[in-house]
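Trainee: In case you want the letters, here they are:
2 protein chains.
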Amino acid sequence: MNSFLALLESRWNEGHFLCVGLDSDYGKLPQQFKGKPVAAALFEFNREIIKATAPFCAVFKPNMAFYEGYGLDGLSALIETDRFIREQYPMHPIILDAKRADIGNTNNGYVRAAFEVFQAHAITVHPYLGKEALEPFLAKKDRGVIVLCHTSNPGAGEFQELKAGGAELYKTVATKVSREWNYNGNCGLVVGATYPKQLAEVREISGDLPILVPGIGAQGGDLEQTIINGLNSAGEGIIISASRSIIYASSGEDFAQAAAGEARRLEAEIRRIRASMIPGSK
Amino acid sequence: MNSFLALLESRWNEGHFLCVGLDSDYGKLPQQFKGKPVAAALFEFNREIIKATAPFCAVFKPNMAFYEGYGLDGLSALIETDRFIREQYPMHPIILDAKRADIGNTNNGYVRAAFEVFQAHAITVHPYLGKEALEPFLAKKDRGVIVLCHTSNPGAGEFQELKAGGAELYKTVATKVSREWNYNGNCGLVVGATYPKQLAEVREISGDLPILVPGIGAQGGDLEQTIINGLNSAGEGIIISASRSIIYASSGEDFAQAAAGEARRLEAEIRRIRASMIPGSK
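Top to bottom, those sequences are chains A and B. Each residue of the first sequence is one higher than the last, beginning at -8 in this note's numbering. Each residue of the second sequence is one higher than the last, beginning at -8 in this note's numbering.
Pulled out of the complex, with its shape left as it was, chain A reads as follows (with noise of 0.2 Å):
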């Protein structure tokens, strides 16, 4: 099987840093999809989302509250809908946007869920519990462990901007998780676009680590500043993610052809974007 990073890198190579994030409501669907059963209605939402903006993204990024919230019905959509990414559209690696962390062995069960029940290729977590209780993600050298760092909601200061070992929280997160948990080279971080000055910090500080921003979109993220302060020294090293924008861009029939023309224009915001820093890009 493809690594993560293998399949991350060649969407990237391909000029592909948008990221779609499956945040689908059952309450929020389309007219259309009203009334269907809800793992239905969920799963075929998500695969008309999928086939309309798959062009035009490098990454899949379903939420596990949207799904969970919904009990079994809501989970066996996320596998239909998993299931469905990996066989038509196998280049395109799959965020599980789950926001797990346990202590040690107990952790075996979400990697069992993330990566086998679920299919991913990559899994969100929290940092608090620290490097030792994440080793069962960590020792997952093809899958992409993706670490909250600064987090894209008004109040994430509350604890990742204190001091905290020589400086802010989220830095000291940024230095042990690229210096000290990448030893597979399989680690990310996340820093929402709702904050661009700490994303430039965090790039200084991680040197070429993938970097997952959520918050383009709804959350009013900036993009330029994103791409800016985002990229890495190869030009690359960023997942830009939007979600509701995309997947809610219309409310009615054309909602499919809506999330493509949305997601067709964000990427190409991102590759004006990029071309002015890097003359020739793709």
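Certain hints may be false.
[Unchecked claim] Calculated lysine-lysine pairs in the DSSO-like style (CA-CA distance at most 27 Å, straight line):
| hint | chain 1 | residue 1 | chain 2 | residue 2 |
| --- | --- | --- | --- | --- |
| 1 | B | Lys154 | A | Lys154 |
| 2 | B | Lys122 | A | Lys154 |
| 3 | A | Lys188 | B | Lys122 |
| 4 | B | Lys132 | B | Lys122 |
| 5 | A | Lys131 | B | Lys19 |
| 6 | B | Lys122 | A | Lys122 |
| 7 | B | Lys167 | A | Lys122 |
| 8 | A | Lys122 | B | Lys188 |
| 9 | B | Lys154 | A | Lys122 |
| 10 | A | Lys167 | B | Lys167 |
| 11 | B | Lys167 | A | Lys154 |
| 12 | A | Lys167 | B | Lys27 |
| 13 | B | Lys154 | A | Lys167 |
| 14 | B | Lys42 | A | Lys188 |
| 15 | A | Lys19 | B | Lys19 |
| 16 | B | Lys27 | B | Lys42 |
If you're looking for bench data, these hints aren't it; they were derived computationally from the structure.
Following the hints, position chain B against chain A.
Mentor: Positioned in the frame of chain A, the structure of chain B alone reads:
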């Protein structure tokens, strides 16, 4: 419905402080469950453990990782388990040890999962994203929100013991949760029994807040220190959790009896130690 805290206090008032951790791993079940389908095996094992240990405990605490790792089969066993506790032992609160936390509205999915799908009375959460992100949990007045503070694992200190905000990060978490997050009186903290000094400090900081103390038993936490350092001003306030040492007390046909025996032994120990501190206590 009775709130988490009301149920918990009623268990404490009856002299029950033990929490049975339902960390049920299909691969470790007694011989008689081998060959059964996963969902049936996990549920039936849990049911026998619950029946055997309910008289000797305050709380049941299934850890999501063990169920999620078996996909829909595991999660359906968890739903059945929680339904069984609700129906047969309605005075025993259920803490879902899920260690969740996402940004604001996304947490609505986890709130629905924990309290509607899995019917728990309380959930454990990561503090990293801050109070603002966790509002969907904190707003549920009748449900408990138990925040990771100092976890039980050997590497817990990597971030938790860094000085952050004028004190070690775990103390800062304890301060904020007890003074700022607890406006609905529904918060608690997690402190591992493997860190008795830190437990005493968190008790000092957090007043009478409930503290969930895992790490007794297989992880080697000291029971006497846990009780001496953890009890609040009312001589209550702690939930002492053991998992493997109870549920896998025997792998033979007597597994349920052995689990009851171990829970009974732990409860007797807890009573003996408490009585030495608080003469006349139950």
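Trainee: Give a verdict on every hint.
Mentor: Quick rundown of the hints versus the structure:
Taken as a hint, the Lys154 of chain B and Lys154 of chain A pair is honoured in the structure, with Cα atoms around 7 Å apart against an allowance of 27 Å. For the hint pairing Lys122 of chain B with Lys154 of chain A, the CA-to-CA distance comes to about 18 Å; that is within 27 Å, so the pair holds. For a cut-off of 27 Å, the pair hint linking Lys188 of chain A to Lys122 of chain B stands: about 22 Å separates their Cα positions. A distance of roughly 15 Å separates the Cα atoms of Lys132 of chain B and Lys122 of chain B; the hinted pair therefore holds under the 27 Å criterion.
For the hint pairing Lys131 of chain A with Lys19 of chain B, the CA-to-CA distance comes to about 23 Å; that is within 27 Å, so the pair holds. Restraint check for Lys122 of chain B and Lys122 of chain A: the C-alpha separation of about 24 Å stays at or below 27 Å, so the hint holds. For a cut-off of 27 Å, the pair hint linking Lys167 of chain B to Lys122 of chain A stands: about 25 Å separates their Cα positions. Proximity of Lys122 of chain A to Lys188 of chain B is assessed by CA-CA distance (about 22 Å); at most 27 Å being required, the pair is judged to hold.
Proximity of Lys154 of chain B to Lys122 of chain A is assessed by CA-CA distance (about 18 Å); at most 27 Å being required, the pair is judged to hold. At most 27 Å may separate the alpha-carbon atoms for a hinted pair to count; Lys167 of chain A and Lys167 of chain B meet this at roughly 25 Å. A threshold of 27 Å between alpha carbons decides the hint, and for Lys167 of chain B with Lys154 of chain A the separation of about 16 Å falls inside it, so the pair holds. A distance of roughly 44 Å separates the Cα atoms of Lys167 of chain A and Lys27 of chain B; the hinted pair therefore is violated under the 27 Å criterion.
Pair hint Lys154 of chain B plus Lys167 of chain A holds up; C-alpha atoms about 16 Å apart against a cutoff of 27 Å. Distance check on the hinted pair: Lys42 of chain B and Lys188 of chain A sit about 55 Å apart at the alpha-carbon level, beyond 27 Å; violated. Distance restraint check for Lys19 of chain A and Lys19 of chain B: the Cα-Cα separation of roughly 42 Å exceeds the 27 Å cut-off, and the hinted pair is therefore not satisfied. For the hint pairing Lys27 of chain B with Lys42 of chain B, the CA-to-CA distance comes to about 20 Å; that is within 27 Å, so the pair holds.
When each numbered hint is compared with the structure, violations occur for hints 12, 14, 15.
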